[in-house]
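Undergrad: Take the given structure of chain A and dock chain B to it, following the hints.
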Amino acid sequence: MRHTAKKLFKSTFSLAAVVGALLLTSFPASAADGASSVVEKGKAVSFDRKKGNCLACHGMGDGTLPGNIGPPLTAMKARFPDRAKLRAQIWDATTLNPNSIMIPFGRNRVLSEEEIDQIVEYVYTL
Amino acid sequence: MKKLLIATLVLGLLGGTALSVQASPEQDLKEFRAYFKNRFPGTPFNDYVNGVYSIDKASREQWEQIEEFPPYELNIEKGETLYTTPFANGKSYADCFDKGGIGIAHRYPFFDNESGQVITLEGSINACRAVNGEKPLKWQKGAIADISAYMNDTSRGQITNVVVPTNDPAAMAAYQQGKDHFYAKRGQLNMACADCHIYYSGNKIRADLLSPALGHTTGFPVYRSKWGGLGTLHRRYGGCNKQVRAKPYKPQSDEYKTLEYFHTYMSNGLVNNGPSARK
Chain A
87 MRHTAKKLFK
97 STFSLAAVVG
107 ALLLTSFPAS
117 AADGASSVVE
127 KGKAVSFDRK
137 KGNCLACHGM
147 GDGTLPGNIG
157 PPLTAMKARF
167 PDRAKLRAQI
177 WDATTLNPNS
187 IMIPFGRNRV
197 LSEEEIDQIV
207 EYVYTL
Chain B
18 MKKLLIATLV
28 LGLLGGTALS
38 VQASPEQDLK
48 EFRAYFKNRF
58 PGTPFNDYVN
68 GVYSIDKASR
78 EQWEQIEEFP
88 PYELNIEKGE
98 TLYTTPFANG
108 KSYADCFDKG
118 GIGIAHRYPF
128 FDNESGQVIT
138 LEGSINACRA
148 VNGEKPLKWQ
158 KGAIADISAY
168 MNDTSRGQIT
178 NVVVPTNDPA
188 AMAAYQQGKD
198 HFYAKRGQLN
208 MACADCHIYY
218 SGNKIRADLL
228 SPALGHTTGF
238 PVYRSKWGGL
248 GTLHRRYGGC
258 NKQVRAKPYK
268 PQSDEYKTLE
278 YFHTYMSNGL
288 VNNGPSARK
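If you're matching them up, the sequences are chains A and B in order. Quick note on numbering: the first sequence equals residues 87 to 212 in the working numbering. Quick note on numbering: the second sequence equals residues 18 to 296 in the working numbering.
I should point out that these hints are in silico values taken from the structure, not numbers from a laboratory.
Below are the BS3-like pairs computed for lysine-lysine, each with C-alpha atoms no more than 27 Å apart in a straight line:
{"hint": "1", "chain 1": "B", "residue 1": "Lys-221", "chain 2": "A", "residue 2": "Lys-163"}
{"hint": "2", "chain 1": "A", "residue 1": "Lys-136", "chain 2": "B", "residue 2": "Lys-264"}
{"hint": "3", "chain 1": "A", "residue 1": "Lys-171", "chain 2": "B", "residue 2": "Lys-202"}
{"hint": "4", "chain 1": "B", "residue 1": "Lys-74", "chain 2": "B", "residue 2": "Lys-54"}
{"hint": "5", "chain 1": "A", "residue 1": "Lys-137", "chain 2": "B", "residue 2": "Lys-259"}
{"hint": "6", "chain 1": "A", "residue 1": "Lys-136", "chain 2": "B", "residue 2": "Lys-243"}
{"hint": "7", "chain 1": "B", "residue 1": "Lys-155", "chain 2": "B", "residue 2": "Lys-259"}
{"hint": "8", "chain 1": "B", "residue 1": "Lys-296", "chain 2": "A", "residue 2": "Lys-137"}
{"hint": "9", "chain 1": "A", "residue 1": "Lys-137", "chain 2": "B", "residue 2": "Lys-243"}
{"hint": "10", "chain 1": "B", "residue 1": "Lys-95", "chain 2": "B", "residue 2": "Lys-267"}
{"hint": "11", "chain 1": "B", "residue 1": "Lys-95", "chain 2": "B", "residue 2": "Lys-155"}
{"hint": "12", "chain 1": "B", "residue 1": "Lys-259", "chain 2": "B", "residue 2": "Lys-296"}
{"hint": "13", "chain 1": "A", "residue 1": "Lys-127", "chain 2": "A", "residue 2": "Lys-137"}
{"hint": "14", "chain 1": "A", "residue 1": "Lys-136", "chain 2": "B", "residue 2": "Lys-296"}
Just a sample of chain A residues kept apart from chain B, beta carbon distances all over 12 Å, derived:
{"hint": "15", "residue": "Lys-127"}
{"hint": "16", "residue": "Ala-130"}
{"hint": "17", "residue": "Gly-147"}
{"hint": "18", "residue": "Met-162"}
{"hint": "19", "residue": "Ala-164"}
{"hint": "20", "residue": "Phe-166"}
{"hint": "21", "residue": "Asp-168"}
{"hint": "22", "residue": "Arg-169"}
{"hint": "23", "residue": "Glu-199"}
All residues carry an ideal CB built from backbone N, CA and C; glycine is no exception.
With the rest of the complex left out, here is chain A:
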């Protein structure tokens, strides 16, 4: 358990590094090179109705027609200084609130670990 957590931590860190690098080297990220940035991927997975579909419940970014079941996702860095906590909320919201309506994306394998990492990166920009 601790091991995986560490690994996850590491991978999020390296992801962050990659994002940083991408942002530095290819800002604004161009879609022309085929590989969009991790943040963009995260945004796409978040908005995709068959994937995260976070907009069903949360206002977030420039997403249109959001639901209002969950709180609007804004100022995420300030509210989640601990990135692991943000990831944990997305991985399985029922740990904090057993009756949560929010989908346990990781626990029930609705999204892959990689997709969740991507979403975390995107949500952290909000």
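TA: Here is chain B on its own, set in the frame of chain A:
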């Protein structure tokens, strides 16, 4: 688990006045109504029969216009024709039902202690066909929905009054099974009926406002523009199960019949207003 529940029920009954762990259906109903009264203070009790439109001012007017020239009118007519056309043996549906089947649809569902089953209107329509040597109709739409629409139309305005006999352990178990279904998280997306239709009713899921569970059953069968036609309550159950990526149960399965039993009981006191139109 089920055994345990039955055991507690039986214990509760044996205990007589000693309070059982299980809340009584009557108590459930009181709390259920109080919850919605508090959640939607602007909605009069009788208005819950209008589903989501009871709490959705924005789309109410448009819906009322649709109800002026209802899209299900034709279904009622088709249903009447089907209902009155004799079977091959010369008998007809009217022979199967009390009062010739007119003005009785609101009595469903009920618990039949002889068979130990919840009896639904659609179930009785197909049972009537069976005793008359006719093939059963498909459960979720088409002819069965049309006949149900016709029968319900003759019950328009009658009060929903589902009885759960607390002295009948089998009926109580059926009620409890339906209640459990309603409150249990299910599917890969891990959501309960109660999540969407109790706790977050009135909230928006994307652009859709979630309807209160109170009044849910009274308007069925419903004509949905999304379906482009009429559908039964069990069709809707299947749809709502699929939304959360749960495998739907078969229409008229024990699971859905008991769900209907609990779900309709919770609308007791409201008038029957099926069929009706929905988005």
